[in-house]
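Take the sequences, apply the hints, and build the full model.
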Amino acid sequence: MVHKCRQEPSLVDHEMSVLTGSEPRRGGASFPRVSTFKVHQERIEIATRGRGLTDVSRKVQEIVEASGIATGVCTVFIQHTSASLVIQENAAPSVRRDMETWIERIAPEDPNAYEHDDEGPDDMPGHLRATITKTSEVVPVTKGRLALGTWQAIYLWEHRRTPHTRTLIVHVQGV
Amino acid sequence: MVHKCRQEPSLVDHEMSVLTGSEPRRGGASFPRVSTFKVHQERIEIATRGRGLTDVSRKVQEIVEASGIATGVCTVFIQHTSASLVIQENAAPSVRRDMETWIERIAPEDPNAYEHDDEGPDDMPGHLRATITKTSEVVPVTKGRLALGTWQAIYLWEHRRTPHTRTLIVHVQGV
Amino acid sequence: MVHKCRQEPSLVDHEMSVLTGSEPRRGGASFPRVSTFKVHQERIEIATRGRGLTDVSRKVQEIVEASGIATGVCTVFIQHTSASLVIQENAAPSVRRDMETWIERIAPEDPNAYEHDDEGPDDMPGHLRATITKTSEVVPVTKGRLALGTWQAIYLWEHRRTPHTRTLIVHVQGV
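Chains as they are written, first to last, in this note's numbering: chain A, 182 to 356; chain B, 182 to 356; chain C, 182 to 356.
Since the hints were made in silico from the structure, they are not lab data.
Among the hints, erroneous ones may be present.
[To be verified] In silico PhoX-like cross-links for lysine-lysine, where the CA-CA straight-line distance does not exceed 20 Å: (1) C:K240 x A:K324; (2) C:K240 x C:K324; (3) A:K219 x B:K219; (4) B:K219 x B:K324; (5) B:K219 x C:K219; (6) B:K324 x B:K240; (7) A:K240 x A:K324; (8) C:K219 x C:K324; (9) C:K219 x A:K219; (10) B:K324 x A:K219; (11) C:K324 x B:K219.
Structure follows, in structure tokens:
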């Protein structure tokens, strides 16, 4: 479902190597302990084909790796209101098909249901579908990797019928 | 929809200016590099008029500016279970009206639908509406500003019929 | 609803005690100002009895206390796609019963409704229920405690019929 995915240059990359005092060692010797607190933020663009779920886990993991952060949190934020984020099953494609079918039932595309239709009949249900899913997902980072469960992937959920370019901000903070 | 909005004094404001070593410069000179890691937390109260969406983006942006943080993450947290947060379209008011109409259909105020009615018939649907929207929204900070998309605003969604005073905790962390 | 809850050893616990310069005092004296930035991450396992809400607030609060962090943010992340997180009312049990009844209506267990049924008829509705609730909850930390409102608790929401062991990552970051 990802057709092209252009990764822009890192927006910000801060490191603070901090001399945190000395650690006592057996025998009376000591050596300085250094921790590095890091802040890393990138913006990426994802081209969607129209309605559907696009797995962005690998792209986000690449940013986590670029950050050099071993332990921290990764925030993925989508700058749109008719596309959203969700963490769901990465294995059976039937799960994603059922998600689409179900959300069409809950927040249907129905020309008579909504007042707002300036941008077409698929726009307002897109806002509703984004409302009950996520604008940001926050995932811990453990040993340099997103701490996703075995069956989890981070999806960008396009709710509009036509292809769109969607912007995500990925922010990683930790040590 | 915001009638009054009292901002309490900053609860906490930490700065750590850290000498992170020296940066080599052409010609052999070097100068010290200093990064400042900051933690800033405020509590604000928002008075609502009863059911509806209140745009709190400007208040949150003011707190981000007060923090002095250029790159980081801002967490907005609501301390209630019958009011919630959502990031949605900031332009057409018809979007907000459709959101209200739709959520009334999905989690209706119906005296026969729920066991829990101690606090009135609008309370339990309020809990359900909060359940499928957000208790916290996490927004990256870029160049000292919330990295919201052009059409995004952060809304406090009051689900009770009567006016309430709602407390938000805004926490900003970064450099 | 919690039957056993095994807490594993802390995965990571970083401290950076930072000499942040000296603070001027009246009379011309000064003393060094030290801030400590901390990162603390633990993994916990929660045994569920099958469908229902398990209050995990106390376990998460214990981890916040173990971190020694006074001001920061706590991220709770669930590594599953048919169980989820939600912050809701901690008082009336009728609220939780109404939540279960309502979500069964919105995303019903119905053998004819879904294509995906490899893992039984309760699996796909579980994915849908997780989709509209949360995979992570982010709660500010204030004065060493989760900044939950008076009536708020953090719940693990098991959506499968049978008992499961669910893994949460709790990450606390701050000063």
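* Of the numbered hints stated previously, which ones are contradicted by the structure, given in increasing order? -> 1
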